[in-house]
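Asks: Here the sequence shown stands for residues 1 to 540, numbered as in our numbering.
Derived from the structure by calculation, the hints contain no laboratory data. There may be inaccurate statements among the hints.
Using 30 Å as the maximum straight-line C-alpha spacing, the simulated DSSO-like pairs for lysine-lysine come out as follows [said to hold, decoys possible]:
| # | residue 1 | residue 2 |
| --- | --- | --- |
| 1 | K377 | K341 |
| 2 | K377 | K237 |
| 3 | K273 | K330 |
| 4 | K330 | K367 |
| 5 | K234 | K377 |
| 6 | K330 | K237 |
| 7 | K463 | K210 |
| 8 | K458 | K341 |
| 9 | K234 | K363 |
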Amino acid sequence: MSDSSLSELEGYDSYDTHNEPTLPTLPTPIRHDINHIPTPLRLQPPGRMLPPTTSILFTKLLYSRLILDSNPPTVKMTCLQPNCGYSPTPQLLSQTSTELQSHITNGGRISITTDAWTARNYTEYAAVTGHWINEKWQHRCVLLDVIHLQEPIHSSEYLAQELAAVTDSLEITGAIFTCTRDNASANTVMLSEFEKLASERQASIQQPWKFTVKEGDVRCIAHIINLAVQAALKSLKASPDTETEAYWCEQGLARIPQRMDSSSTEVSATLEKLRRHIYVFRNRRAWKDALQKQIKAAGQKPRQLSLDMPKLDTSIKDIALTVNNWAIIKALELLFLVFLKPSRRLQSDSYPTLNFTIPLYLKMINKVTSIQEDLGKSSTIGLACGAALQKLNVREYHLDTERIIRETALTEGALNITEQEPDSDEDLFASEGLAFQEPEWRRWMLEPRPGEHTDILKYWCAKQYQYPVIARSARDHLAIPATSAASERVFSNGSDIITKKRNRLSPPTIRYLLCLRNWGRIQEADSDGDDADDEADEEV
1 MSDSSLSELE GYDSYDTHNE PTLPTLPTPI RHDINHIPTP LRLQPPGRML
51 PPTTSILFTK LLYSRLILDS NPPTVKMTCL QPNCGYSPTP QLLSQTSTEL
101 QSHITNGGRI SITTDAWTAR NYTEYAAVTG HWINEKWQHR CVLLDVIHLQ
151 EPIHSSEYLA QELAAVTDSL EITGAIFTCT RDNASANTVM LSEFEKLASE
201 RQASIQQPWK FTVKEGDVRC IAHIINLAVQ AALKSLKASP DTETEAYWCE
251 QGLARIPQRM DSSSTEVSAT LEKLRRHIYV FRNRRAWKDA LQKQIKAAGQ
301 KPRQLSLDMP KLDTSIKDIA LTVNNWAIIK ALELLFLVFL KPSRRLQSDS
351 YPTLNFTIPL YLKMINKVTS IQEDLGKSST IGLACGAALQ KLNVREYHLD
401 TERIIRETAL TEGALNITEQ EPDSDEDLFA SEGLAFQEPE WRRWMLEPRP
451 GEHTDILKYW CAKQYQYPVI ARSARDHLAI PATSAASERV FSNGSDIITK
501 KRNRLSPPTI RYLLCLRNWG RIQEADSDGD DADDEADEEV
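Model the full structure from these sequences, guided by the hints.
Replies: Dropping the structure here:
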């Protein structure tokens, strides 16, 4: 071909232009900037945000949700702020972890509580809370973590491993002092397994002692009171036909205890009459109003009018309460008031500790023993007192006092020094000076005891420089919780997370919400919302 220029085609202008359809443009991927928060859109095309929601995590712009253009479509959550706090462990617990490590470095120890909970969607969780007294002598109570119990059977080994995983994540396993839990048998073996796991951890100079069941197993005193009351009620309602364990062998002779004597029959009849009276008062409004009018008009006591009830209404003649019935009711009232008053005093937001509950516990045992001696051990109410005392005495707290002796032994070094002939006057002066040095614990025993209404934390805050060794020991012992209410409150505050209409939240989401709500990062939801349970039946 020659290098000459190409000639143009003839009739070029007569050709029509070919209009090829353009290819569809691909959607530009959305890239979120940390400093720029996209505005929620109403439409929902692929790659766009979902409509705005009333969740506080969204209204505070902590993260966004995206629908990805996939088959099937998936939802992706993106954190919009570097410290949004959506994951509880890295950010929200950093300050608490620092405070815990500072407390442990100074020789302090940590007391924990644990309890389990089953949500309405049949997923199970366990909460672990930490308790200690800081340098300002303030009682600290913090939720350490919420565990999702994935195993269907909660064996003691599994619970111990999960508990150790929480303490290991915060590096406080070697500083665990006590563990307060309920009285389930699985928890007893759990602490034994946890003791084995804690013994494998390396000890330090600041924490030479490791967790032991003998010293650190604390049973929930509220649960103990409940067991004692149930044992007393069971004894009052027991009979040889229903209580098969009442059979025993004595010197080769099998016999049935004579429980259904005249006094037992009278107590049962009194309780039956009392139940009928409660039914009358609740369902006979006219009779109740007439009784109140007669009380005001005659100025008589309700008890006297109750004795005259057969005269007022002949239909209740068979269930009329006699003087002996009222005496039995009074004795039962005195018995159960012994358990009622400590239970009310234990209901507190500050989570009562052992130094507050042990005096109440001992008084409760003494009062029940006194009632048993007054009424007789063989009487029906006396047997109920014995059943309650059996639960109370078995569950007594036995704190090991050897720890206090070892800690105060640092000041008793002079007593263990053998007598040696001094070589100089300086040695003689030093030896004689140590011989007259009184141990710290003996000086503290001569101090006047603080009163019942004395703030014990303020008391030791003032005495910490005068008795430094005992003050460090008191800081550990005064932080021991007496009940597992701290762990139970975690779940009671989050009981409205799973409802009838909102029951498909994933276990990690439930864990995050429980932690964030307990830490105060999320306020409690309004019970009147759309997701709340409507217990009332809808009218058709």
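Asks: Is the hinted pair K377 and K341 satisfied, with a Cα-Cα distance of at most 30 Å?
Replies: Given that 30 Å is the threshold and the Cα spacing comes to 24 Å, the pair holds.
Asks: Would the hint linking K458 and K341 be met if the CA-CA limit is 30 Å?
Replies: holds (26 Å)
Asks: Between the alpha carbons of K330 and K237, is the straight-line distance 30 Å or under?
Replies: holds (18 Å)
Asks: Is it true that the CA of K330 sits at most 30 Å from the CA of K367?
Replies: holds (15 Å)
Asks: For the pair supplied as a hint, K463 and K210, is the alpha-carbon distance within the 30 Å limit?
Replies: holds (27 Å)
Asks: Is K234 close enough to K377, meaning Cα to Cα at most 30 Å?
Replies: holds (16 Å)
Asks: Given the proposed pairing of K377 with K237, does the C-alpha separation stay at or below 30 Å?
Replies: holds (17 Å)
Asks: Are K234 and K363 close enough, with their CA atoms no more than 30 Å apart?
Replies: holds (23 Å)
Asks: Can you confirm whether the C-alpha distance between K273 and K330 stays at or below 30 Å?
Replies: Holds, because 14 Å separates the two Cα atoms, which is no more than 30 Å.
Going down the numbered hints, you'll see the structure goes against none, and every one checks out.
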